[in-house]
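Chemist: The listed protein sequences derive, respectively, from chains A and B. Position 51 of the first sequence, counting from 1, maps to 51 under the working numbering, and the rest follow consecutively. Position 84 of the second sequence, counting from 1, maps to 84 under the working numbering, and the rest follow consecutively.
Please note: incorrect hints may appear among the correct ones.
[To be verified] Partial list, derived from the structure: chain A residues whose beta carbon lies under 8 Å from chain B: (1) Asn51; (2) Leu56; (3) Ile57; (4) Phe91; (5) Leu97; (6) Pro98; (7) Phe107; (8) Leu111; (9) Leu164.
If you are wondering where the hints come from, they were derived from the structure by calculation, not from laboratory data. C-beta atoms are modelled at their ideal positions from N, C-alpha and C, and glycine is treated no differently.
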Amino acid sequence: MTIAIRVKGFSHFFGSLQTLKTIDLDILKNEILGVIGPAGSGKSTFLGALNRMNDLIRKSRTEGTIEIEGKNIYDPDVNVAELRRRLGMVFATPVPLPRSIFENVVFGTRLSGPRHRARLAEIVEDCLKRTSLWEEVKDRLDTSALRLSGGQQQRLCIARILALRPDFILLDEPCSGLDPISTAKIEDSLRLLKRDYTIILVTNNTKQAARVADQTAFFLSGELIEVGPTDKIFTAPDDQRTDDYLRGRFG
Amino acid sequence: MRLDPKVEQGLVKAALQVMTAVTVFVLIFIIVFILRKGISVLDFSFLTRNPVDMGRGGGIFSTIVGTLVLTLVAVLIAAPLGVGTAIFLTEYTWENRITRIIRFGADCLAGIPSIIFGLFGFILFVTKLGFGWSVLSGGLTLAFMILPTIIRTSEEAIKSVPATYRQVSFSLGSTRWQMVTRVVLPAALPGIVTGIILSIGRSIGETAAVIFTAGSALHLPTSIFSSSRTMAVHFYILAREGISMSNAYGTAAILVISVLIINLLTYYLMEKFIRKYS
Numbered sequence: 001m002t003i004a005i006r007v008k009g010f011s012h013f014f015g016s017l018q019t020l021k022t023i024d025l026d027i028l029k030n031e032i033l034g035v036i037g038p039a040g041s042g043k044s045t046f047l048g049a050l051n052r053m054n055d056l057i058r059k060s061r062t063e064g065t066i067e068i069e070g071k072n073i074y075d076p077d078v079n080v081a082e083l084r085r086r087l088g089m090v091f092a093t094p095v096p097l098p099r100s101i102f103e104n105v106v107f108g109t110r111l112s113g114p115r116h117r118a119r120l121a122e123i124v125e126d127c128l129k130r131t132s133l134w135e136e137v138k139d140r141l142d143t144s145a146l147r148l149s150g151g152q153q154q155r156l157c158i159a160r161i162l163a164l165r166p167d168f169i170l171l172d173e174p175c176s177g178l179d180p181i182s183t184a185k186i187e188d189s190l191r192l193l194k195r196d197y198t199i200i201l202v203t204n205n206t207k208q209a210a211r212v213a214d215q216t217a218f219f220l221s222g223e224l225i226e227v228g229p230t231d232k233i234f235t236a237p238d239d240q241r242t243d244d245y246l247r248g249r250f251g
Numbered sequence: 001m002r003l004d005p006k007v008e009q010g011l012v013k014a015a016l017q018v019m020t021a022v023t024v025f026v027l028i029f030i031i032v033f034i035l036r037k038g039i040s041v042l043d044f045s046f047l048t049r050n051p052v053d054m055g056r057g058g059g060i061f062s063t064i065v066g067t068l069v070l071t072l073v074a075v076l077i078a079a080p081l082g083v084g085t086a087i088f089l090t091e092y093t094w095e096n097r098i099t100r101i102i103r104f105g106a107d108c109l110a111g112i113p114s115i116i117f118g119l120f121g122f123i124l125f126v127t128k129l130g131f132g133w134s135v136l137s138g139g140l141t142l143a144f145m146i147l148p149t150i151i152r153t154s155e156e157a158i159k160s161v162p163a164t165y166r167q168v169s170f171s172l173g174s175t176r177w178q179m180v181t182r183v184v185l186p187a188a189l190p191g192i193v194t195g196i197i198l199s200i201g202r203s204i205g206e207t208a209a210v211i212f213t214a215g216s217a218l219h220l221p222t223s224i225f226s227s228s229r230t231m232a233v234h235f236y237i238l239a240r241e242g243i244s245m246s247n248a249y250g251t252a253a254i255l256v257i258s259v260l261i262i263n264l265l266t267y268y269l270m271e272k273f274i275r276k277y278s
């Protein structure tokens with residue numbers, strides 16, 4: 001197993017508030033890492049640390065390192081825009097930009113990559129097919145993305161990430177607002193996608209982690225309590241707090 | 001004693017209807033009054049001929065041109081400055097003491113009477129910088145007069161763009177400038193343009209700031225250093241000096257009609273734009 005991301009002694013602060021406490025974690029290539037924990041446990045902050053979206057928040061500060069292919073992403077010479085393209089992020093609520101479906105998919109591509117219309121059209125078709133949205137929208141690519149349903153919008157957001165050709169896909173509670181059928185469609189896409197990508201899935205639905213994650217990490221109050229193969233975490237966790245959380249004693 | 005809720009609702013609704021009716025009535029009254037007074041002198045030659053004999057005869061062509069170029073100069077200067085400042089305040093700085101001071105300053109500037117701007121423009125542009133009474137001096141003065149409005153309306157428009165759009169844009173690997181130009185500005189454009197249109201309306205109707213800085217020459221401006229008279233100034237002089245009331249009302253009618261046309265055109269463009277982007 002190759003390590004894709006190595007988090008070493010990583011802490012994060014908002015002003016004087018410490019939101020992540022010396023996290024050590026290896027993320028394996030082509031696997032799905034499920035990140036679970038109650039609200040305020042730091043799991044979304046952890047995600048934001050990986051693609052440096054936390055930089056955008058005022059008074060954000062970090063300690064320790066996060067290495068991708070041996071390179072600390074917090075080094076001063078890192079091109080942050082490029083980094084974010086490598087770690088595509090899907091948010092809790094789908095946010096299509098007020099543009100056409102086509103333009104949404106190629107938004108990131110247009111920023112740096114090819115701009116030739118035919119090439120862009122190929123990318124759109126490919127990415128929409130891989131999120132099984134193509135059949136539903138192929139005849140109305142030029143209509144506004146805002147008119148899609150919630151589930152379709154979320155799959156569009158994933159397609160928009162795929163168009164970046166990232167190495168990682170970060171998902172922040174991607175199914176929190178979706179019905180079970182849309183959720184199942186997204187989980188199916190994730191299982192397909194892990195062949196090509198390393199996926200980090202933050203979820204407050206522990207059963208979702210149990211269904212799709214290979215490894216599961218449990219966060220509590222900014223601490224990584226434990227991480228291991230999903231089966232083990234869900235059946236025989238080492239830490240009592242993990243067991244309590246999974247049994248619903250708190251959270 | 002409390003009123004019966006039904007009666008209360010009825011009274012409130014009636015009161016609101018009366019307020020709306022008064023507003024609409026005043027608006028229609030002004031427009032009809034001016035058009036009726038002015039319509040007798042309006043014909044094609046009134047628009048295409050220059051004023052003759054101080055404005056007693058002839059048309060108002062040179063003042064229409066004067067109004068257009070002055071407004072154009074003002075908008076060309078104020079729009080980039082104002083929108084740029086708004087972008088800086090909203091996207092490139094955290095909210096702090098300095099941004100609050102800038103914003104407070106802009107608000108104060110917006111409340112200063114235009115004649116003060118006229119005086120300022122006269123001292124700075126006309127005399128100190130030696131631009132004389134000219135389109136340039138007048139345009140610069142108008143630009144400073146409308147700048148606060150453009151800054152504040154642009155800022156509000158930019159702020160109303162959802163924060164999630166910015167997050168998405170950043171997460172897809174855009175730089176801050178790409179985020180501003182590709183996501184924020186298109187979404188904020190209707191609001192920004194509305195602010196600019198309001199400013200254009202103010203510029204067209206402005207007299208005090210212009211009369212001190214652009215002068216009141218009746219000939220056609222030939223360069224930005226020519227003195228020029230705007231329609232509003234022309235109206236003011238015709239009416240105040242009692243030169244020709246009918247031509248004054250004719251000028252007023254054209255002023256009102258141009259403002260109407262500008263507003264209609266804006267709404268039309270805005271509709272088209274909104275349909276394209278959402």
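Chemist: Run every hint past the structure and note whether it holds.
Modeler: Verification of the hints:
no.: 1; hint: Asn51; result: 7 Å, holds
no.: 2; hint: Leu56; result: 6 Å, holds
no.: 3; hint: Ile57; result: 10 Å, violated
no.: 4; hint: Phe91; result: 7 Å, holds
no.: 5; hint: Leu97; result: 6 Å, holds
no.: 6; hint: Pro98; result: 5 Å, holds
no.: 7; hint: Phe107; result: 6 Å, holds
no.: 8; hint: Leu111; result: 5 Å, holds
no.: 9; hint: Leu164; result: 7 Å, holds
Of the numbered hints given earlier, the model fails hint 3 alone.
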